[in-house]
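Protein chains: 4
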Amino acid sequence: MLASMNIAFLGLGRMGFLMARNLLRAGFSLSVFNRNRDKAEPLAREGARIASSPAEACRDADVAATMLSDDDATEQIVLGADGLADALPRGAIHMAHSTISTALARRLAAEHQRRGQGYLSVPVFGRPEAAEAKRLIVVPAGPPALIDRCRPLFDAIGRATFVAGPEAWQANAVKVCGNFMIASVLESFAEAYAVLRKAGVEPHLFLDIMNSLFGSPVYANYGAMAAEGRFEPAGFALTLGLKDIRLALDTAREVAAPWPMADVIHARMVQGVAQGQGEMDWCSIAKVAARNAGL
Amino acid sequence: MLASMNIAFLGLGRMGFLMARNLLRAGFSLSVFNRNRDKAEPLAREGARIASSPAEACRDADVAATMLSDDDATEQIVLGADGLADALPRGAIHMAHSTISTALARRLAAEHQRRGQGYLSVPVFGRPEAAEAKRLIVVPAGPPALIDRCRPLFDAIGRATFVAGPEAWQANAVKVCGNFMIASVLESFAEAYAVLRKAGVEPHLFLDIMNSLFGSPVYANYGAMAAEGRFEPAGFALTLGLKDIRLALDTAREVAAPWPMADVIHARMVQGVAQGQGEMDWCSIAKVAARNAGL
Amino acid sequence: MLASMNIAFLGLGRMGFLMARNLLRAGFSLSVFNRNRDKAEPLAREGARIASSPAEACRDADVAATMLSDDDATEQIVLGADGLADALPRGAIHMAHSTISTALARRLAAEHQRRGQGYLSVPVFGRPEAAEAKRLIVVPAGPPALIDRCRPLFDAIGRATFVAGPEAWQANAVKVCGNFMIASVLESFAEAYAVLRKAGVEPHLFLDIMNSLFGSPVYANYGAMAAEGRFEPAGFALTLGLKDIRLALDTAREVAAPWPMADVIHARMVQGVAQGQGEMDWCSIAKVAARNAGL
Amino acid sequence: MLASMNIAFLGLGRMGFLMARNLLRAGFSLSVFNRNRDKAEPLAREGARIASSPAEACRDADVAATMLSDDDATEQIVLGADGLADALPRGAIHMAHSTISTALARRLAAEHQRRGQGYLSVPVFGRPEAAEAKRLIVVPAGPPALIDRCRPLFDAIGRATFVAGPEAWQANAVKVCGNFMIASVLESFAEAYAVLRKAGVEPHLFLDIMNSLFGSPVYANYGAMAAEGRFEPAGFALTLGLKDIRLALDTAREVAAPWPMADVIHARMVQGVAQGQGEMDWCSIAKVAARNAGL
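Just so you know, the protein sequences line up as chains A, B, C and D, in that order. One point on numbering: in this note's numbering, the residue at position 33 of the first sequence is 33, and numbering is uninterrupted. Every number in this note's numbering is 295 more than the matching position in the second sequence, counting from 1. Every number in this note's numbering is 590 more than the matching position in the third sequence, counting from 1. Every number in this note's numbering is 885 more than the matching position in the fourth sequence, counting from 1.
Simulated restraints, written as ranges between beta carbons of each label pair:
| id | chain 1 | residue 1 | chain 2 | residue 2 | range |
| --- | --- | --- | --- | --- | --- |
| 1 | D | 1018 | B | 411 | 57 to 63 Å |
| 2 | D | 1102 | B | 574 | 46 to 52 Å |
| 3 | B | 309 | D | 1180 | 48 to 54 Å |
| 4 | A | 127 | B | 408 | 49 to 55 Å |
| 5 | B | 461 | A | 243 | 42 to 48 Å |
| 6 | D | 1115 | A | 236 | 38 to 44 Å |
| 7 | B | 398 | D | 1012 | 29 to 35 Å |
| 8 | D | 1012 | C | 734 | 35 to 41 Å |
| 9 | A | 53 | C | 662 | 32 to 38 Å |
| 10 | C | 617 | D | 1109 | 37 to 43 Å |
| 11 | B | 405 | D | 910 | 45 to 51 Å |
From the derived model, a few chain B residues whose C-beta atoms are all more than 12 Å from chain A:
| id | residue |
| --- | --- |
| 12 | 333 |
| 13 | 342 |
| 14 | 408 |
No farther apart than 30 Å at their CA atoms in a straight line, the calculated lysine-lysine pairs in the DSS-like style are these:
| id | chain 1 | residue 1 | chain 2 | residue 2 |
| --- | --- | --- | --- | --- |
| 15 | D | 1128 | C | 788 |
| 16 | A | 243 | B | 582 |
| 17 | D | 1128 | A | 287 |
| 18 | C | 833 | C | 724 |
| 19 | C | 877 | B | 538 |
| 20 | B | 538 | B | 429 |
| 21 | A | 287 | B | 538 |
| 22 | B | 493 | C | 833 |
| 23 | D | 924 | D | 1019 |
| 24 | B | 493 | C | 877 |
| 25 | D | 1128 | B | 538 |
| 26 | C | 833 | D | 1172 |
| 27 | B | 493 | A | 243 |
| 28 | A | 243 | A | 39 |
| 29 | D | 1083 | A | 243 |
| 30 | B | 538 | A | 198 |
| 31 | C | 788 | C | 877 |
| 32 | D | 1128 | A | 198 |
| 33 | C | 788 | B | 538 |
| 34 | D | 1019 | D | 1128 |
| 35 | C | 833 | C | 629 |
| 36 | C | 724 | C | 629 |
| 37 | B | 582 | C | 833 |
| 38 | B | 582 | B | 493 |
| 39 | A | 243 | A | 134 |
| 40 | C | 877 | B | 582 |
Simulated from the structure, these hints should not be mistaken for lab results. We put the CB at the ideal spot given by N, CA and C, even for glycine.
The task is simple: from the sequences and hints, build the whole structure.
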């Protein structure tokens, strides 16, 4: 029965490719689109149909999933010429996995509703390795009935699903808050390492203690990268981290909540980018904190 | 042989009592002092000798351990009348477990050196349950030879020992940075919960995701307390949290490092205390963040 | 010769009305538009022609001035149906006095260029009393030749003109920075008063000293309002102050500069609005600072 | 009658020398002390008696004024060997002009009271030129009767006197808040200039507008120094500015008030000092802000 669900998957970047492949391997019928068609070829060899436009990919879809880099790309693929929105059948669902603004999520919800389509925001947490291993954390929000229809898809890509609420944008709010929590760990390490280095204490020593105290892979991973100064090649570039913290701050503007730590992180990342670290990993803010401490 | 080491233990608060008991149970000969003698009685029943002054406790000690509430209490017990410093034999070691300032640690090191005594700062990480279960993280700093002599004591109270450096105050720098890392989690949750509540998302939903993402007991514990508003009775009072973040800021002043997130946390805690939450748990800064968001 | 210049003036709010009237009294031929036509009547009695749409007002204009509340209003009046842009003759100039975003200024420059029209951003500094007395500070930016053509207009509304640069949006950058400087005085007073009140010192005493030290009417004016708690009716509402600080932060995003004090002011204003002070004067952030200090 | 008042003046730095000379020229009988005796010689030529210790200077004094660099120097001169406190006659007054902590002011008040002496904190606002021209702003606090007795002295050094309150430390609270207000202008210019330079706008252009807007010599003076990058020789060194903002933060700790802008300024100054600008003028924080923006 699952196999009878037609899925369109638009956006085959590092994450999107792995998620699409898991859907395919779970038995869904897949039509894929990517601006650079080369990335789609390996999926074709596993049975996906390659479409030459978003519209073509979506024409017979029950569900169209998007995993695009940002608001602009999403807007263009969904609402642009030959886009998803005008091609998706009435009654079908658009499920946006991308990290987009709460504002755009609300706009998409409205645009799809006008067309008699459903819309869900379904951001995910996890790095590419998690995507590959079907270990993503999946956070859908939107009308409960639509979420229920898409559950088999969530199960095919993730290890756990948490419903954020009945309005799609709420999932995006959760996503930006989650990213903030991670960024906050990065910034905390950055600042503590700077203080400790000025006190003659090795970051690694501190990291060992923090690992013992927190017991978290997030701390172990980023704490080590920052302690060793492993910032290139970037797992997640600082420019992207900056983009994400701006999405967070934009959400806070909308709901009227002060967010002082997000402000600190934002200022730090802006400095990093302004000083030429945009393409380094986002945990390279540790370099910025060190520099500001005169190291 | 261990049993032949004489230990003085000064300060039998919640943590000190449990640590002293573990030393006793590990076979060390213990002389204890506490301002309120009642707290010492249970230890006497297990074989400790109760002293009526710090000086009396320390007179025959090989090692004198202190676990006192703050700088003032430590100064008085160590350097005051009938104090530790003037009674401890030459060649013996003072091992300060308390969370004290790096400045006081440097002063204690000098005072003991003048008297031909050794000094180690040996702060610990862990809550009372960890102290009870010999599961503390022990962070000594000071002359390596002294640290070696005290290792059996560290093993008797903790699950892991991390040497911070050759100067005692470095351990205190590590301790205040570690506390900062925890406080930073509290503040991050406080702010994210406020944003999410204004977005109509339940803190518990977010907490579940964060637990899935971070997999850390620190997140699980404080995240739940903050989500449920369980702030009384305090596990660790906000006034104490504020004291600790001030120690951190004082250390940063000494080493000349900016510390913007510690500044944010400090401002938050000052507000909490100023608005009457001093006796609540320190994770009650979540209430402050909520209030500032108009909740 | 001046009188032979046809001016369209769109937006007759408190500031716009007074500016338009000064243009009229300086001898310019004026066609005015305001959504609420009543506000235009007094100008009609002094010789202005009342237009029933932005387009009608601009049809024969040499220069079209706009003084609208924000980006949205400006976009609609300029680019909406029956808007300024499609009606203004080729070769004529649109001069936007409103406090708008640098992003919108760039977009307007492009839109007008496409239509063969000129565009200047010409924000002003000063309260209504200054507008009434032709005492505004006028800050034009854009192509120098256009600025030269408009100088007689600047002279008719202000006491001094400062050219910000050859690109229109630069004037908007200057404007948001100037507003930031004023907001920064408000926030400084707010925080210092809170500290001093907790120290038992009267804000007024401090204000007298600051007046003696700074000798600035801005300090005298806002310092007194904040000291006396005179927040209603608002001279400039907190919601508007918040809007302005957001424009500032948006500009900083564009040019990639950290702006920590603007972040602090933003957080403060968000709190004020979230706690119900949106309609009070923006210097009511002093109330927020006092509250956060437990007063 | 004034001439019959014996004044001791301790501390003949740049400010102290000029203040002492004005007292002398106003007809007071003066006994002066300075660590470096050379600085006292010009005063001797105008009739002052040079003492070889604080004690000697104070032995017959009705009022002993101190103008010393910081808490440590003040403590030593007042409470050290051959110090002011043990020599000053009962009933005489110690008047401390130095910028010291509120904590030390409270301690001095207690120490003098114990000795039957009076104590006033009498910080002043103004640069050396103002001191020379008797144009200081004088801010005494302490018992009203003592203030009245000292009024002729205030009049001899300043242009205006503002009584801060009945407790001496309140004047120090006012002084640190006043310094904060100035530092806040420096930081605001630093940040706005950085944003504007990245927007291609000349700081001087902005300064002209701010001068037109604020009309304050403080803005004109520091705004110009920062715009021109005139940071050496320092009028007031960044290390001293940092010391002062720390005094401010210490006062805020005592009275339990959050102070976010002072935190931002503190972090900025720490960075400046850590990056080697300690001996530059404190308005060189503009260089730090520029650097952090990638300039």
